[in-house]
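Novice: Sequence:
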Amino acid sequence: MPTSSRPAWMERPSTAGLIVKGVILTAVVLLVAYPFVGVIGTSLSTESDIARSGGFVLLPGSPSLSAYTTIFSGGTVTRALLVSVLVTVAGTVASMLATIGMAYGLSRREVTGARWILLIALLTMLFNPGLIANFLLVKQVGLIDSFGALILPSLVSAFNLVVLRSFFMGLPRELLESARIDGAGDFGILVRIVLPLSKAVLAVIALFYAVGYWNAFFNALLYLNDSDKFPLPLILRTFVLQGRTLEALAAAEAPAPVQAIQMAVLVVAIVPILLVYPFLQRYFTKGVLTGAIKG
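Under our numbering, the first residue of the sequence shown is numbered 1, with each subsequent residue one higher.
Errors might be hidden in some of the hints.
Now the in silico label distances, taken between C-beta atoms and shown as ranges [to be verified]:
1. A158 / L195: 56 to 66 Å
2. V211 / G130: 22 to 32 Å
3. L30 / T78: 50 to 60 Å
4. G130 / G188: 13 to 23 Å
5. I144 / L97: 32 to 42 Å
6. L221 / Y277: 39 to 49 Å
7. L137 / S73: 23 to 33 Å
8. G113 / L30: 52 to 62 Å
9. I273 / G54: 20 to 30 Å
10. A51 / D228: 53 to 63 Å
11. R109 / G183: 13 to 23 Å
12. D226 / A51: 36 to 46 Å
13. I120 / L97: 18 to 28 Å
14. S73 / I273: 44 to 54 Å
To be clear, the hints were calculated from the coordinates, so they are not data collected in a lab. In this text, a Cβ means the ideal position worked out from N, Cα and C, and glycines have one as well.
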C-alpha cells in the first residue's frame, strides 16, 4: 500500500515540469499584480513622482497620503462609501432571505406548481425585459431616486437560485423526514437542519450578491437623480472618467495630484472586497461545485 496520498495511477511530476509550472504561475501573478501595485503606488505619489514616471508610479519616491486626505475630507467619497456599505449589507441580506426561501420551497417536491415557478425563474436568464421596460416598472412602483431601486430590481439571481435549490435537493430526505416526524415544521427544518448543512454554498452565494451590489453602478445611473445618494462605483465612474470634478476637489481641498486622487478612489472601491474574499475563499470551490453537481 503506497504511503503517499497520491493515487497509484497518477504519474509523479518531473522536476522540469514543476519548474516550468512555477515560472508560468509566477509570471501570471506578476502580470495580475502589476496594475494593482501601480494603482496603489500612484495613489500615494506626489506631483513630482507622477510627472517623473509619466502618470503611473510603481514605487513612489516620497509616499504621501494627501490624496486619501483629500477624498475623505471632502465628504463626497465618504458619503458614497457609506451608501455602498448600506446598499451592500441590506441588499445581500434581503437577497439571501429571498433566495433561501424560494430555493427551499422549490426544492420540496410536494409544493404545488414548483416546476412552473422554477421555469419562470429560468426564463429570466434567457429573456431580458429590456432597459425601457425595467425603467418604466421601477418608475411605476415609485422607486425612482430611492435606495430601493438599487436593491429590488436585482433581488434574486436565477443562477444563485438554481445552485441553492440543487444543493437543497441533494440533502438526505431521510434526515428531513425524521425531523418532521419529531414535530418540526418547515421553518424549523430550514433553520435548524438545512441552513447549518449549507454553510459553504450560502457563503459563496452571499459573496456573489455582495460583490454584485458593491460593484453595481448602472442601476444608480438610471434611477438616482440625487447625487447625495450615489454609491461609490458611480462616484468612481463619474470622477475618474470625468476628471473635472476631481480637479475642483483637489484645488479646493488639498494639494494632491488629480491622478493620485483618481487612483485613491479606485483603491477605496476595491479594497473592501479584497479584504472580505480571503475569509470566504475556502468555501468557494466546495460551495459552487456541490451546489452545481448535486440534484
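Novice: Please go over all the hints and tell whether each is borne out by the structure.
Specialist: Tested hints:
A hinted range of 56 to 66 Å for the beta carbons of A158 and L195 is inconsistent with their spacing of about 21 Å. Checked against the given bound of 22 to 32 Å, the beta carbons of V211 and G130, roughly 25 Å apart, stay inside it. Taking the beta carbon of each, L30 and T78 are about 34 Å apart, not inside 50 to 60 Å as hinted. Checked against the hint of 13 to 23 Å, the C-beta distance between G130 and G188 comes to roughly 42 Å, which is inconsistent with it.
In this structure the hint that I144 and L97 lie 32 to 42 Å apart at CB is violated, the actual value being about 25 Å. Range check, L221 to Y277: about 26 Å between beta-carbon atoms, so the 39 to 49 Å window is missed. A C-beta distance of roughly 40 Å is found between L137 and S73, which places it outside the suggested range of 23 to 33 Å. At about 54 Å, the CB distance of G113 to L30 agrees with the hint of 52 to 62 Å.
Roughly 29 Å separates the CB atoms of I273 and G54, a value that falls within the hinted 20 to 30 Å. Our hint of 53 to 63 Å for A51 and D228 is violated, since their Cβ atoms are close to 35 Å apart. At roughly 21 Å, the beta carbons of R109 and G183 sit within the given window of 13 to 23 Å. For the pair D226 and A51, the beta carbons lie near 37 Å from each other, so the given range of 36 to 46 Å is met.
Between I120 and L97 the beta carbon distance is about 20 Å. The supplied range of 18 to 28 Å therefore holds. Hint check: S73 to I273, Cβ distance near 24 Å, so the stated range 44 to 54 Å is violated.
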